[in-house]
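Undergrad: Sequence:
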Amino acid sequence: MIKLGLRLSMLLALFAMLLLILALYLPHTAMQAKQLERALGGDAVLHVVVGALLPLTLGILLRIYRLPWRRQIIYWCGCLLLFALDELAQGLSPLRAPAATDFALSTLGWLISGSGWALWLIVRRRLRS
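Anchor point for the sequence shown: position 3 equals 4 in this note's numbering, and the numbering is continuous, going up by one each time.
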């Protein structure tokens with residue numbers, strides 16, 4: 002029961018992050034999304050938080066910890082690639098503009114959660130042996 006509740010809350014957090022990102026691209030919701038973004042701490046804070054939580058929650062939901070470590074590395078690198086593609090896609094939207102600092106902040110969040118993930122895997126492996 003606890004696992005189901007945890008997975009559901011992670012799924013809802015993931016959905017909320019994706020909705021906020023999508024709302025920033027849509028003309029009818031961009032203003033409200035920007036206001037919410039400011040209320041939550043601003044652009045920089047959200048880039049770090051989403052950069053950390055998006056790959057972490059998705060990785061847990063997809064249970065990539067069951068995969069061999071090489072495939073887990075591919076997953077984490079794929080998440081970083083998606084952050085880069087998101088910044089590039091912002092150049093296609095009249096409401097957004099790509100920024101290297103945004104990618105750097107997302108990468109910082111990615112590094113924090115990826116390091117925590119790697120540390121958890123190492124501790125888990127040592128406890129099992």
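Don't take every hint at face value.
Simulated DEER-style distance windows between Cβ atoms [unchecked claim]:
| # | residue 1 | residue 2 | range |
| --- | --- | --- | --- |
| 1 | 95 | 129 | 46 to 54 Å |
| 2 | 74 | 94 | 28 to 36 Å |
| 3 | 21 | 105 | 37 to 45 Å |
| 4 | 29 | 129 | 33 to 41 Å |
| 5 | 120 | 98 | 15 to 23 Å |
| 6 | 83 | 12 | 17 to 25 Å |
| 7 | 86 | 35 | 19 to 27 Å |
| 8 | 78 | 39 | 16 to 24 Å |
| 9 | 112 | 63 | 18 to 26 Å |
| 10 | 130 | 86 | 36 to 44 Å |
| 11 | 69 | 90 | 26 to 34 Å |
| 12 | 90 | 112 | 21 to 29 Å |
| 13 | 89 | 109 | 15 to 23 Å |
| 14 | 100 | 36 | 18 to 26 Å |
The set of hints was computed from the structure by calculation and includes no laboratory data.
Just so it is clear, CB atoms sit at the ideal spot from N, CA and C, and this is done for glycine as well.
Undergrad: Are the hints correct? Go through all of them and say.
TA: Verification of the supplied hints:
Our hint of 46 to 54 Å for residue 95 and residue 129 holds, since their Cβ atoms are close to 52 Å apart. Between residue 74 and residue 94 the Cβ separation comes to about 31 Å, which falls inside the hinted range of 28 to 36 Å. Taking the beta carbon of each, residue 21 and residue 105 are about 20 Å apart, not inside 37 to 45 Å as hinted. One distance hint, 33 to 41 Å for the beta-carbon pair residue 29 and residue 129, is violated here, with the actual separation near 51 Å.
At roughly 35 Å, the beta-carbon separation of residue 120 and residue 98 lies outside the given 15 to 23 Å, and the hint is violated. For the pair residue 83 and residue 12, the beta carbons lie near 18 Å from each other, so the given range of 17 to 25 Å is met. With their beta carbons about 22 Å apart, residue 86 and residue 35 fall inside the hinted range of 19 to 27 Å. Checked against the given bound of 16 to 24 Å, the beta carbons of residue 78 and residue 39, roughly 32 Å apart, lie outside it.
Between residue 112 and residue 63 the Cβ separation comes to about 20 Å, which falls inside the hinted range of 18 to 26 Å. Checking the proposed 36 to 44 Å range against residue 130 and residue 86 shows it holds: the Cβ atoms sit about 38 Å from each other. The hint said 26 to 34 Å for the Cβ distance between residue 69 and residue 90, and at roughly 31 Å that hint holds. Judged by the Cβ atoms, the range 21 to 29 Å given for residue 90 and residue 112 holds: they are separated by roughly 22 Å.
Judged by the Cβ atoms, the range 15 to 23 Å given for residue 89 and residue 109 holds: they are separated by roughly 19 Å. Remark: the range hint 18 to 26 Å for residue 100 to residue 36 is upheld by a beta-carbon distance near 20 Å.
In summary, the numbered hints that this structure violates are 3, 4, 5 and 8.
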